[in-house]
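Construct the complete structure from the given sequences, taking the supplied hints into account.
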Amino acid sequence: MTSDIRRPPPRRSFGALGPNEMKGLFWQVLVVGVAVAIVLFLWSNTVTNLSARRITTGFAFLGREAGMPIADSLLTYNPRDSYLWAFVVGLANTLRVAVIGIVLATILGTLIGISRLSANWLLSRLAAVYVEVLRDIPLLLQLLFWYVLMQALPAARAAWRPVEGVFLSNRGLILPAIPVGAPQLWVLGTAVLGCAIFFFIRRWLVAQQMRDGKPRPAWPFALGLIVVLPAAVSLSLAVSWRIEWPELHGFNFVGGLTLAPEYFALLIALVTYTSAFIAEIVRSGIQSVPRGQWDAACALGLRRSFMLRQIILPQALRVIVPPMTSQYLNLTKNSSLAVAIGYQDVVSIANTTLNQTGQAIEAISLIMSVFLTISLSISFFMNWYNARIALAER
Amino acid sequence: MTVITDMPDVPRAARRPQIGNPVLRWLRANLFSSIPNGILTLVLLTVLVKGLFSFVQWGVANAVWLTPANDSAACKVVRGLGACWAVIPEKYRFILFGTYPFDEQWRPALSVLLFIVLFYLSTRRALWRRELAFLWIGALALISVLMWGGLFGLSFVSQDRWGGLPVTLILATSGLAFGFPLGILVALGRRSKLPAIRSLSVLYVELIRGVPLVSLLFMASVMFPLFMPAGFNIDKLLRAQIAIILFAGAYLAEVIRGGLQAVPRGQYEAADALGLSYWRKHRLVVLPQAIRHVIPPLVNTFIAFFKDTSLVLIIGIFDLLTTAKTAIIDPAWQQFSVEVYIFVAAIYFVFCFAMSRYSRSLEARSGR
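Top line first, the protein sequences correspond to chains A and B.
Residue numbers for the first sequence follow this note's numbering, beginning at 1379 and rising by one.
Residue numbers for the second sequence follow this note's numbering, beginning at 14 and rising by one.
Watch out, some of these pointers could steer you wrong.
Unchecked claim - Result set (SDA-like, lysine to any residue): computed pairs, CA atoms no more than 25 Å apart in a straight line:
no.: 1; chain 1: B; residue 1: 206; chain 2: B; residue 2: 318
no.: 2; chain 1: B; residue 1: 206; chain 2: A; residue 2: 1419
no.: 3; chain 1: B; residue 1: 249; chain 2: A; residue 2: 1419
no.: 4; chain 1: B; residue 1: 294; chain 2: A; residue 2: 1407
To be verified - Footprint (simulated), chain B over chain A, 3 or more residues, beta carbon under 8 Å:
no.: 5; segment: 1469–1475
no.: 6; segment: 1524–1535
no.: 7; segment: 1572–1586
What the hints assert, rightly or not - Stretch-level coverage of chain B by chain A, calculated; a stretch enters the list once three of its residues show a Cβ under 8 Å from a Cβ in chain A:
no.: 8; segment: 39–49
no.: 9; segment: 57–66
no.: 10; segment: 153–166
no.: 11; segment: 218–224
no.: 12; segment: 294–307
no.: 13; segment: 312–323
Hints listed in this document are in silico derivations from the structure and should not be mistaken for laboratory results.
Heads up, the beta-carbon is just placed ideally off N, CA and C, and yes, glycines get one too.
Next comes the structure, spelled out in structure tokens:
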């Protein structure tokens, strides 16, 4: 056997291709060729069809007067404004429902996820039923259901008043509000600045504790920077925090904050639906922390809140964050169902634009680029956050 | 945060001496283990009983179950106090089968039954063999014959008259049947060493997953006719079906990629050592293992796009949700949409709940 030692294959000269590389190149050329051919075929058809229908391509139409009414928007808008501005207003509406929806769904989902792990049998069963029912019914059906319920509410005159100052009627949900202008924003800005400074101080305090082991309380800094400082600014500028209570005048409400029925139905549907998925993520995240970690923390005599904050949560978060990211993305994408109940988000406005101008390709590519941008930004942010919490690992 | 102080797997009762009535012991361990827990139980119980009571009052005690045909007067009397279930017997044929010719509606009904049998057989572990693919092809062909007709003396029914539950099932099942091979190809492409193929696969998956299904459906209904040569037009239902297949393919590709990553490298190396070609290696060694790994997430993905097919409502295709919404346009029954939505929600729930139960039982079995 020793006699027929195989010779090593002859070394190829640099740049020549072996049979495997040739095969690889062949497949790549084939697949790319087919893809390019399909795109070219569709493109040439589209150009022919567009010229046959006398539709000019391009985004010039964005400058034209939109002429569509937008009932409910954060930004000032009037139908004489351009299509571009209508898009921006729609985008603001999408973000308004997505951001608030994400915050509320996270809170509700976390509460329900924790309830599912409760020692109280009744609570954990109820949470399980909530999750199961909401997960297994299409979101669009739930949305239509909530919207029908909203429309079936009594008229403004006979509005329900669950709490003083809160009205629920077929005009939507009306809440008392604090008008926020420039002086109030200054105070809030100070509080945000205080939070940022506190974040760095706390990091420094922890670093000091790591060096000599002496605990240094952080709460006096928090109190000073986040509560006392903004309060002082508020007092010195004499900012008013008067609450504006809504009142019924004639057939409608004056003052306060109005959540239109479309917005409110969409928000409820998105929050309840997504919270069912978030609850499952939170539950499995907490369950993924090994029992030994709880026992070890108990054995060290740590306080319960400290144990949860410093031992259980950091480990659970590592399991929770990646699937949570996709839930946030789902909620944002699902907000496009607004078009079914007439809440004017970016998809619904693009759809109206498409019907008015016939610029199908432009309108749809606007929708797609908006959502791709949002998706990519959320996943970049969550990946950054994920990398940050993963650093705690050994 | 006090609620998680007792992890459910270590009940406090285990540490206590086991005395007294077992029922009382259970109550004490699970509902009244501490004073705050006891208060919580009582509050929840009150809310639950009140909620159930008013639901029973609305849905059973005050409800109207049957009325003379096309007469909703009895329902209007109890409006607001009781449910009008009478709308269901009045409209169920339309909700389930849409505008399919009334006398021929046994055909879509039989198709639905075939779908259910097909799903059931696919869950049988003993049948997870290559023959299952033939079963699917056979069943889908049989369903096409039933729905379209034109053969064996069945009258032809064009697909713009299809509606209701069969359309929902067709959209979801064909999405799976065609999206699955597509997903396998894309998942392999994404793990390929060839840069051009890899980037095309990544582009496809990220593009589809980054945008809402609604925008893909708009694309199918508005842009697709522009893409095609003049005079060539395909049906709206088929266009939506293509959009759903492309959508499903991207999501299935990610699930299958997870399975491919879970196959140990030794398996690939062993297949290479046997001198198998790329396709034989994947077909005979890698994919069977990869797919077995990801059956539970595959079922979950299927549940997700089973629910997502309801979005075709937005482009006006008559699936189950659209027929339900259309059924209550009838002025006589307009006010009773809540009852119709509950009926349709129950249908969706039965399908999704059965599938999620199945996926969970698979997970539990593989976890052992």
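Tested hints:
1. 206/B / 318/B: 31 Å, violated
2. 206/B / 1419/A: 28 Å, violated
3. 249/B / 1419/A: Holds - the C-alpha atoms of residue 1419/A and residue 249/B are around 21 Å apart, at most 25 Å.
4. 294/B / 1407/A: 22 Å, holds
5. 1469–1475: violated (count 0)
6. 1524–1535: holds (count 3)
7. 1572–1586: That given contact is violated, which follows from only 0 residues of the segment 1572–1586 of chain A lying within Cβ reach (below 8 Å) of chain B.
8. 39–49: With 3 residues closer than 8 Å to chain A, the segment 39–49 of chain B meets the three-residue bar; holds.
9. 57–66: holds (count 3)
10. 153–166: n = 0 at 8 Å, threshold three: violated.
11. 218–224: holds (count 4)
12. 294–307: It is violated, with 0 qualifying residues against the three required.
13. 312–323: That given contact holds, which follows from 4 residues of the segment 312–323 of chain B lying within Cβ reach (below 8 Å) of chain A.
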